[in-house]
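Engineer: As given, the protein sequences belong to chains Y and B, one line each in that order. With numbering that gives the first Met the number 0 as the guide, the letters of the first sequence map in order to residues 0 to 276. With numbering that gives the first Met the number 0 as the guide, the letters of the second sequence map in order to residues 0 to 215.
Treat the hints as calculated values from the structure; they're not laboratory data. We put the beta carbon where it would ideally sit given N, CA and C, even for glycine. Treat each hint with caution, since some may be false.
No more than 30 Å apart at the CA atoms, straight line, and that leaves these computed lysine-lysine pairs for BS3-like [as the list claims (entries may be wrong)]:
| # | chain 1 | residue 1 | chain 2 | residue 2 |
| --- | --- | --- | --- | --- |
| 1 | B | Lys76 | B | Lys152 |
| 2 | Y | Lys190 | Y | Lys135 |
| 3 | B | Lys76 | B | Lys23 |
| 4 | B | Lys213 | Y | Lys63 |
| 5 | Y | Lys63 | B | Lys152 |
| 6 | B | Lys23 | Y | Lys135 |
| 7 | B | Lys23 | B | Lys152 |
To give a feel for the contact side, a few chain Y residues facing chain B, derived at Cβ under 7 Å [as the list claims (entries may be wrong)]:
| # | residue |
| --- | --- |
| 8 | Leu59 |
| 9 | Gly62 |
| 10 | Thr248 |
What follows is a list of derived Cβ distance ranges for each label pair [unchecked claim]:
| # | chain 1 | residue 1 | chain 2 | residue 2 | range |
| --- | --- | --- | --- | --- | --- |
| 11 | B | Glu41 | Y | Lys135 | 50 to 60 Å |
| 12 | B | Arg125 | Y | Pro276 | 31 to 41 Å |
| 13 | B | Gly115 | Y | Leu177 | 34 to 44 Å |
| 14 | Y | Lys135 | B | Asp87 | 32 to 42 Å |
| 15 | B | Arg125 | Y | Leu212 | 51 to 61 Å |
| 16 | B | Asp191 | Y | Gly262 | 36 to 46 Å |
| 17 | B | Gly115 | Y | Gly106 | 54 to 64 Å |
| 18 | Y | Pro165 | B | Asp87 | 33 to 43 Å |
| 19 | B | Met0 | Y | Pro276 | 41 to 51 Å |
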Amino acid sequence: MSTHSPHRQASWDWRAAGNFIGGGAGSGLLVLGFAAGLPAGLVAVAGGALIGLGLACVWLEIGKPWRAINVFFHPQTSWMTREGIVAMALYAVGGGAALLNSPGLLGLTALVAAGFVWCQGRILTQARGIPAWRAKLTLPLILATAAAEGAGLALVLAGPTGTEVPWLGQGLALLLALRYLVWRAYVARLKAPADATAAARRLDTPLVLAGHLLPAVLAASGLAVPAGLLAVAAGWVLKYVLVTRMGLTQGFTLPVTPARGRGTAGPGVRPGWETGP
Amino acid sequence: MTRYVMVADLRRCVGCQTCTAACKETNATPPGVQWRKVLDIEAGQYPDVRRIFLPTGCQHCDEPPCLEVCPSTATQKRRDGIVTIDDDLCIGCAYCAVACPYEARFKVDRAEYAYGAQPMDNERARLAEEKIGVATKCTFCAGRIDAGMAAGKVPGIHPEATPACVNSCISGALRFGDMDDPDSAVSRLIADNQWFRMHEDQGTGPGFYYLWDKGQ
Numbered sequence: 000m001s002t003h004s005p006h007r008q009a010s011w012d013w014r015a016a017g018n019f020i021g022g023g024a025g026s027g028l029l030v031l032g033f034a035a036g037l038p039a040g041l042v043a044v045a046g047g048a049l050i051g052l053g054l055a056c057v058w059l060e061i062g063k064p065w066r067a068i069n070v071f072f073h074p075q076t077s078w079m080t081r082e083g084i085v086a087m088a089l090y091a092v093g094g095g096a097a098l099l100n101s102p103g104l105l106g107l108t109a110l111v112a113a114g115f116v117w118c119q120g121r122i123l124t125q126a127r128g129i130p131a132w133r134a135k136l137t138l139p140l141i142l143a144t145a146a147a148e149g150a151g152l153a154l155v156l157a158g159p160t161g162t163e164v165p166w167l168g169q170g171l172a173l174l175l176a177l178r179y180l181v182w183r184a185y186v187a188r189l190k191a192p193a194d195a196t197a198a199a200r201r202l203d204t205p206l207v208l209a210g211h212l213l214p215a216v217l218a219a220s221g222l223a224v225p226a227g228l229l230a231v232a233a234g235w236v237l238k239y240v241l242v243t244r245m246g247l248t249q250g251f252t253l254p255v256t257p258a259r260g261r262g263t264a265g266p267g268v269r270p271g272w273e274t275g276p
Numbered sequence: 000m001t002r003y004v005m006v007a008d009l010r011r012c013v014g015c016q017t018c019t020a021a022c023k024e025t026n027a028t029p030p031g032v033q034w035r036k037v038l039d040i041e042a043g044q045y046p047d048v049r050r051i052f053l054p055t056g057c058q059h060c061d062e063p064p065c066l067e068v069c070p071s072t073a074t075q076k077r078r079d080g081i082v083t084i085d086d087d088l089c090i091g092c093a094y095c096a097v098a099c100p101y102e103a104r105f106k107v108d109r110a111e112y113a114y115g116a117q118p119m120d121n122e123r124a125r126l127a128e129e130k131i132g133v134a135t136k137c138t139f140c141a142g143r144i145d146a147g148m149a150a151g152k153v154p155g156i157h158p159e160a161t162p163a164c165v166n167s168c169i170s171g172a173l174r175f176g177d178m179d180d181p182d183s184a185v186s187r188l189i190a191d192n193q194w195f196r197m198h199e200d201q202g203t204g205p206g207f208y209y210l211w212d213k214g215q
């Protein structure tokens with residue numbers, strides 16, 4: 000085995016993962032909180048705070064934080080720029096929803112939040128140097144976990160606010176089933192270095208049991224708060240592992256090995272992958 | 000038009016790392032940052048074992064994924080195909096680093112020196128504060144090319160207008176030049192030999208051609 004196998008990317012750490020964690024959970028809460036009819040002001044503040052925490056995490060990671068305004072310069076192709084622009088729109092509309100406690104403005108905010116989490120998914124798929132991120136099912140996975148996390152948070156908030164939402168427990172179970180299906184499809188189709196697929200396999204059993212089956216059972220049993228919290232925690236762990244553990248680089252591939260001296264060319268080599276070039 | 004490319008003849012490279020050292024010397028990159036590197040790869044199983052020396056670095060792609068993702072427009076591509084970074088625009092988000100399939104981009108968040116906390120005189124003299132906290136990578140020695148051309152030199156022919164790694168290569172494995180010039184050395188090498196480009200399936204159109212056998 001070569002020493003030049005794919006390795007875990009070192010450019011984005013827990014702070015980048017925090018952006019996807021806060022952004023997905025906050026966006027999910029804005030969408031599901033609006034759908035569940037939770038108090039508009041509370042949902043707008045809580046969702047906006049989660050997204051803001053995520054953005055603060057990534058602000059701490061960039062090398063030149065006082066130039067952060069430059070992030071808005073490339074909307075033509077960069078999903079990071081688009082994420083920033085959508086975030087500004089989200090805070091403008093969400094601020095109105097919070098100040099006026101307006102369900103109508105919260106609906107608009109939920110729409111923008113869906114766009115925000117879409118941008119986050121596309122940020123990952125646009126990272127062509129990381130096979131586990133550029134996979135086609137990464138975007139559906141990010142969307143599905145955001146929805147499940149949003150349902151979980153909405154379920155947690157419904158009780159204290161005295162909002163009766165009869166369908167929310169079943170909705171959470173349904174969204175957990177959706178996230179489970181997308182996760183299984185993602186893992187089954189994942190073409191990535193061996194260490195990335197191994198990280199996915201290590202996560203699989205605890206994620207399915209503690210992050211999907213258990214909260215679904217708890218929700219069905221009427222234990223809303225633990226069910227919601229587990230659904231949220233599982234999504235956060237999933238994104239943390241995706242960014243920091245499964246983020247292995249592409250590595251190097253030779254479709255053929257060169258003819259040297261009097262020798263002949265040989266078969267190709269792709270160090271660190273289970274499949275050849 | 001002009002399209003500058005690098006050609007690496009894998010049959011010739013002996014893994015001496017002179018290009019690596021020349022790049023380091025020319026660009027004064029900090030420890031751990033190597034814009035030009037030569038990978039030493041072992042492949043196969045005994046008794047059919049092969050050792051390959053693979054020069055790599057920024058491939059100055061036709062469709063650079065780093066440029067596409069860059070939120071600040073710090074990454075640009077010149078008309079001659081060289082991909083550049085504007086240190087004054089870059090915010091150091093490292094999105095380009097995870098978008099590059101060639102592991103060609105680096106970012107350091109603080110000044111680092113070869114021997115601990117205190118810089119050597121040459122490190123102190125050549126410390127580039129503007130490169131701390133931003134993305135860096137191989138430039139194909141663009142400044143050298145521009146200065147050489149201004150003096151009437153031809154990239155790939157005259158050392159004054161040719162990247163330092165190519166100038167230093169002891170075996171002639173690394174060549175540089177204009178692929179749009181049919182008479183250039185790189186054009187002839189590409190025409191006369193079998194070659195591949197790395198990770199072409201990613202649609203990047205890399206400007207780095209690896210020769211692996213004579214033409215058929």
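Engineer: Would you mind marking each hint as holding or not holding in the structure?
Structural biologist: A quick look at each hint next to the structure:
1. B:Lys76 with B:Lys152: At roughly 22 Å apart (the allowed maximum being 30 Å), B:Lys152 and B:Lys76 satisfy the hint.
2. Y:Lys190 with Y:Lys135: 10 Å, holds
3. B:Lys76 with B:Lys23: 23 Å, holds
4. B:Lys213 with Y:Lys63: Not satisfied, since the Cα-Cα distance of roughly 48 Å exceeds 30 Å.
5. Y:Lys63 with B:Lys152: 38 Å, violated
6. B:Lys23 with Y:Lys135: 38 Å, violated
7. B:Lys23 with B:Lys152: 24 Å, holds
8. Leu59: 11 Å, violated
9. Gly62: 2 Å, holds
10. Thr248: 6 Å, holds
11. B:Glu41 with Y:Lys135: 50 to 60 Å: Cβ of B:Glu41 to Cβ of Y:Lys135: about 33 Å, so the range 50 to 60 Å is violated.
12. B:Arg125 with Y:Pro276: 31 to 41 Å: 40 Å, holds
13. B:Gly115 with Y:Leu177: 34 to 44 Å: For B:Gly115 and Y:Leu177 the Cβ distance comes to about 53 Å; the hint is violated.
14. Y:Lys135 with B:Asp87: 32 to 42 Å: The hint (32 to 42 Å, Cβ to Cβ) holds, given that Y:Lys135 and B:Asp87 are roughly 37 Å apart.
15. B:Arg125 with Y:Leu212: 51 to 61 Å: 59 Å, holds
16. B:Asp191 with Y:Gly262: 36 to 46 Å: 20 Å, violated
17. B:Gly115 with Y:Gly106: 54 to 64 Å: 59 Å, holds
18. Y:Pro165 with B:Asp87: 33 to 43 Å: 57 Å, violated
19. B:Met0 with Y:Pro276: 41 to 51 Å: At roughly 32 Å between Cβ atoms, Y:Pro276 and B:Met0 fall outside 41 to 51 Å, so the hint is violated.
When each numbered hint is compared with the structure, violations occur for hints 4, 5, 6, 8, 11, 13, 16, 18, 19.
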